[in-house]
Amino acid sequence: MSTKYALPESTPLNNETVMKLRQDFPILSLEVNGHPLTYLDSGATSQNPVQVLDAERNFYTGANSAVHRGAHTLAVESTDLFEEARRVVAEFVGARENDIVWTANATEALNLVTYSFANASEGLGGEAAQKFALQEGDEIVVTEQEHHANLIPWQQLAKKTGATLRWIPVLEDGTLNYEEAEKVITARTKVLAFTHVSNVLGSITDVDYLVKLGRQAGAFIVLDACQSVPHMPVNFRELDVDFAAFSGHKMLAPTGIGVLYGKSELLKDMPPFLTGGSMITKVTMTEAEFMAPPTRFEAGTQKVSQVVALAEAVRYLGHLGMENVHAWEAELGKRLAQGVSEISGVRLLGPAVGMERAGVAAVHVDGVHPHDVGQILDTEGIAVRVGHHCAQPLHRAMGINASTRASGYIYNTTDDVDRFLQSLATVRPYFGIND
Amino acid sequence: MSGLESLYQEIILDHSKQRTGEGFVDPGTHASADNHQYNPTCGDEINLRVELSDDRQTIEKVSWEGDGCSISMASASVLSDMAPGMSLGEFQEMVDKFREMLRSRGQIQPDEEYFGDAAAFAGVSKFVARVKCAMLSWVAAEEATKEATVAK
Ligand SMILES: Cc1ncc(COP(=O)(O)O)c(C=O)c1O
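Residue numbers (our numbering), protein chains in the order written: chain A, 1 to 435; chain B, 1 to 152.
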């Protein structure tokens, strides 16, 4: 049984409807430092609607049991919910059921791919897995924009296998230098891994273009979809990427659940990453046979309640309609970018005003460190992210160490954006800078 | 005092702009050591040099280069003001007391006579996320001093 939604299905989002929708999010009525909470840090982690919280609780009060282990009634019910969730999530991202592997988060999903490739490079998985093996002379291509989660695992894989790590550089504003992409992606490229939406800038990658280059090179294509799947319609089969990763906690679900999408025709030949219970068929003292994917990649007792909650989060987003979500966030992003550009001494990072961007704006405040910016905002109950947002190379390329990022979601209004902008405008004067 | 004013006291804002000790100073023949500290959560970074007197019993000079928030820059500046002339024992005692104050979550009222400008950081102790910022250069100085005493 699910809790009633505050909004009817497919309601376009605007200030009025969003105010109603906020009833589903109890945390948004908190007061912080004597002000109503203005939550603009959904790029880091999103808030949970009661529907999702109820789903998790209902699982524990009505069905809790281990999945795929045991024949009693609750075990069957839990297993049904677990597998039903897989269907729901698969449909949401244009995947087949067997393309969806549960992980702890996107970071683990990306590591699953790199560890599996490393294992293949050492000969595990036999002949069929050799297509994933890397060696000296092979190249792994990422971008300078990547979150550390889609950079460091590839660095490690390169170190293990002798492959070379290369990257598509960014322009001064942090957006991708597509002209260079053509030179960096070559016949030596075995893997092309890039983010769909920059978690710092809100820029949206031209996936079709990079996929075209990747396909010409014969590379495996890996998409970091952490900042796209929660915010816009995404169809992995249509995008024609081989692997993709995203995290539940950025899309209304609890922490502890992430997703690896992998074309099942590739997953079936990949050696496992984590091994142990639940992922095997026959085990002797020296050997084990592994299950087919996705179960092969889900070792140990699974995070069933979070899986169930993620499915509920996906239903919630599906109920709103991802086109509506995307349209509203584009509106928020536009207002953020426009507003920031009007504040003196504040530099808007990423796409210029008027260019396409997600509901995100990162800024550099001249003369004031982001930590101090965040502090001023926090006293007015405004929660934003300050620091390097797990993207140190990107910041360095833009000539800064850190930035301040406001990131909106379905429950933010233009008032939230305006409160952020007003407060941001007071920062430099507060620190005695008035030019 | 409002929360924000207790954090960003005038003294702190002044030191964050008019920074004592910024820019490395050549220690000449004096024993010296450099130490690097980095706060990975916000990227604050400091390279700090402690130079000892001829007899290595007192701190001669503190100089540094760094990048960070107003709290971390101001605390490096205050430290550079206060430490020269202190015996090694006095200096270590001040670092210990400063650390204790910052970790007290606003419970310890600083002795202003003892702490001088550093008393202004008492407000920081209520902002747990900022304690590291204030400590960064002090930890660097503590480490550099230890290294300088055994330097060749
Ligand atoms: C673009 C991007 N990639 C990867 C991650 C890592 O996600 P998680 O920490 O949930 O594994 C994040 C979130 O911080 C992100 O924004």
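Just so you know, these hints were derived from the structure itself, not from any lab. Predicted model only: the values in this text are computed from it and were never measured. Incorrect hints may appear among the rest.
Output of the computed footprint for chain B on chain A, the stretches with three or more beta carbons under 8 Å from beta carbons of chain B [to be verified]: (1) 165-173; (2) 358-371; (3) 383-392.
Here are a few chain B residues that face chain A, going by a calculated C-beta distance under 10 Å [stated by the list, open to error]: (4) Q9; (5) D34; (6) H36; (7) P40; (8) G43; (9) S70; (10) I71; (11) F115; (12) V128.
Beta carbons are placed, not taken as given, at the ideal position from N, Cα and C, and that holds for glycine.
Hints, verified against the model:
no. : hint    : in the structure
1   : 165-173 : violated (count 0)
2   : 358-371 : holds (count 4)
3   : 383-392 : holds (count 4)
4   : Q9      : 13 Å, violated
5   : D34     : 20 Å, violated
6   : H36     : 15 Å, violated
7   : P40     : 9 Å, holds
8   : G43     : 4 Å, holds
9   : S70     : 5 Å, holds
10  : I71     : 8 Å, holds
11  : F115    : 22 Å, violated
12  : V128    : 12 Å, violated
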